[in-house]
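*Asks:* These are the residues of each chain, in order.
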Amino acid sequence: MNPAYAYLYDEFLNDRRYEREISRLEAELAQRGINGRVARTALFRHAKDQAQDLVRGGAKNLVLVGDDRTVEKLMWFLPELDVTIGFVPLTKTSKIANWLGIPIGLASVDTIGARFVETLDVGRFGDRYFLTEAILPATDATLDVEGRFRIQPAAGGSIRIQNLSSTGNCKDGKLEASVIVEGQKSRWSMNKKPIPETRLLLTHGSISSTQPVDAIVDGQVLNGFSFKIEAVPAKLRFITGRRGKEGLR
Amino acid sequence: MALFSTPRDSDKSDTAVPAYVPLASAPSRPAATIIAKGVKVDGDFGSDGDVVIDGEVKGSLSATGQLTVGTEAVIHADVKAGSAIVSGTVEGNLTADKRIDLKSTARIKGDLVSETLSVESGARIDGKLSIGGKTQSA
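In order, the protein sequences belong to chains P and B. The numbers in the numbering used here rise by one with no breaks, and the one at position 144 of the first sequence is 144. Going from the second sequence to the numbering used here is simple: count from 1 and add 1000.
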């Protein structure tokens, strides 16, 4: 067992249909000498305490085993830990794995073993970190951008703050804000004519509203009147499958 | 190691490996900042590069590149840009380093300052014109 590695399995993997895949995963990890302590998240166990316990036990690499929801629901505290994060997606599809160049399934063990580490920005929404995005759907909230100006969608519009995404760069110290307005119905068609998104970059800002708003932050729902937003540059060390030209020299 | 290799035999047995994503080609940001129709901006809005306004802006507006004001856009602000193409409404002074193009639907209530100005038939201007000669940078 390699004390530098620890694995945090999502609760859904306790289902019997994952037994065989888990066994194969652990055999692959052992073959490469990167198997380590294992903990399983559960309804009545606090994932943050489990993660901190694994790090205190000497883990330098904390590998999350599950799907995108696994990463998202743990991300609110992971950047606080002095540890490198890995991801083994045991799922059919994973946007996070795709964006970070991590293969799906057992092939991701190669990525863990290669241990190519990138330092990524994370976002902060209120008191939570987020990796992918925070969305305020159908809101009349106002987004304050760096104290310079305020931006507000028309009624029914949405605000989205992105860090890691298919179009975003999560290593530039900025978040991408989009304001999405519902399209107008065309006289000639039942389909609504799409309106381009309003997009801009920000390092910090805030959301405010006269009514309580729901914000979906990495899949978790927050509710409140106002939230501070900021990009936290180079905060999260993550094992990825992406390689620059430098890596091939 | 090939950059874009075909799947190896060892890859085919398990799950497919996603396409290689070169680090150097991280997705690029949009070329122009767009304030779409239905969006309101209030404050000191400035951007490096080109800006397209189809919504509403109040306060001040600056763009180092080309500013495009759409037909339904309404700007209640003093505007500074590298160049400007205006089809909508501007209530405020408009200063462009190089050129201002007013389309037929443009409605300007304020002073215009630029090296070059073109005005389509139908455009309305209510203000002073200072055209030609060097202008200060935005």
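Check before you lean on any hint, since a few could be wrong.
Derived DSS-like pairs (lysine-lysine); straight-line CA-CA distance at most 25 Å [what the hints assert, rightly or not]:
1. B:K1128 <-> P:K228
2. P:K60 <-> P:K235
3. B:K1040 <-> P:K228
4. P:K95 <-> P:K48
5. P:K92 <-> P:K174
6. P:K174 <-> B:K1109
None of these hints come from the bench; they were simulated from the model.
*Asks:* Starting from P:K95, check that the Cα of P:K48 is at most 25 Å away, please.
*Replies:* holds, 23 Å
*Asks:* Does the alpha-carbon distance linking B:K1040 and P:K228 stay inside the 25 Å limit?
*Replies:* holds, 20 Å
*Asks:* Does P:K174 pair with B:K1109 here, judged by a C-alpha cut-off of 25 Å?
*Replies:* Distance of about 36 Å is beyond 25 Å: violated.
*Asks:* Under the criterion that the straight-line Cα-Cα distance not exceed 25 Å, is the pair P:K60, P:K235 satisfied?
*Replies:* This hinted pair holds, its Cα atoms lying about 15 Å apart.
*Asks:* Run the distance test for B:K1128 versus P:K228: straight-line Cα separation, threshold 25 Å.
*Replies:* It is violated: about 43 Å lies between the C-alpha atoms, which goes past 25 Å.
*Asks:* Take a quick look at whether P:K92 and P:K174 sit within 25 Å of each other, Cα to Cα.
*Replies:* violated, 31 Å
Going through the hint list in order, the structure does not satisfy hints 1, 5, 6.
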